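With the sequences and hints as input, model every part of the structure.
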Amino acid sequence: MQITLLLECTSRAELRSWLADNHLTTSDVWVTIYRFKPKNDMPQLPYIDVVEEALCFGWIDSTLKRLPDGRLAQRISPRRRNSHWTQLNIERCRQLITRGLMTPSGIKAMPNEF
39 MQITLLLECT SRAELRSWLA DNHLTTSDVW VTIYRFKPKN DMPQLPYIDV
89 VEEALCFGWI DSTLKRLPDG RLAQRISPRR RNSHWTQLNI ERCRQLITRG
139 LMTPSGIKAM PNEF
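Throughout, the numbering used here is defined as the position within the sequence shown, counted from one, plus 38.
These are calculated hints, taken from the structure and not from any lab test. Be aware that a few hints might be false.
Simulated restraints on C-beta separations [said to hold, decoys possible]:
id	residue 1	residue 2	range
1	P149	R104	23 to 33 Å
2	A51	R132	16 to 26 Å
3	S49	N120	25 to 35 Å
4	R119	Y72	28 to 38 Å
5	S121	N60	32 to 42 Å
6	T64	H122	17 to 27 Å
7	I128	P106	33 to 43 Å
8	P106	N150	38 to 48 Å
9	Q133	A51	15 to 25 Å
10	R132	R104	26 to 36 Å
11	R104	G138	32 to 42 Å
12	D107	I135	35 to 45 Å
13	A51	T136	15 to 25 Å
As the structure is a computational prediction, the values presented were derived from the model and not from experiment. For each residue, glycine too, the CB sits at the ideal point set by N, CA and C.
Okay, structure coming up:
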């Protein structure tokens, strides 16, 4: 899978703003992330920030790739209707709703049994 659009966000707010503007019209995006403490000062977000913001807009994380400079890129894309939901992501959504972060698109994408 080829990286066609790479976001190098410096903050969670920047990713949220991009998703707010593009979540209905873009098929996918790759976001630079880190899972552990970053080893450089290049733009990247914690994995959990990317996952939570994706869920807020009805998107999901999938493929992870290493970039030539050593950073990681996480692919996020709109969740397919009737796709499988892990219990962890359902719980994350509950917390995001409680925190007032879920958007109408995110709520619409949630499973019926929620």
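Consistency of beta-carbon spacing, N120 to S49, with hint 25 to 35 Å: holds (33 Å)
D107 paired with I135, Cβ distance criterion 35 to 45 Å: With Cβ atoms ~37 Å apart, the hint holds.
Supplied distance hint 15 to 25 Å, evaluated on CB atoms of A51 and T136: With a Cβ separation near 19 Å, A51 and T136 satisfy 15 to 25 Å, so the hint holds.
Whether the CB-CB distance between Q133 and A51 falls inside 15 to 25 Å: Check passed, 18 Å falls within 15 to 25 Å.
S121 versus N60 beta-carbon gap, inside 32 to 42 Å or not: violated (20 Å)
R104 and R132 - C-beta distance against the hinted 26 to 36 Å: The hint (26 to 36 Å, Cβ to Cβ) holds, given that R132 and R104 are roughly 32 Å apart.
Outcome of range test on Cβ distance (P149, R104; 23 to 33 Å): For R104 against P149, whose Cβ atoms are near 32 Å apart, the range 23 to 33 Å holds.
Consistency of beta-carbon spacing, H122 to T64, with hint 17 to 27 Å: Given about 23 Å between the Cβ atoms, the range holds.
Range agreement (Cβ of G138 with Cβ of R104, hint 32 to 42 Å): Given about 35 Å between the Cβ atoms, the range holds.
Consistency of beta-carbon spacing, P106 to I128, with hint 33 to 43 Å: This hint holds: roughly 36 Å between Cβ atoms.
16 to 26 Å as the expected CB spacing between R132 and A51, which holds or is violated: Since the Cβ atoms of A51 and R132 sit about 22 Å apart, the hinted range of 16 to 26 Å holds.
N150 and P106 - C-beta distance against the hinted 38 to 48 Å: holds (42 Å)
Checked against the numbered hints above, the structure breaks only hint 5 and satisfies the rest.
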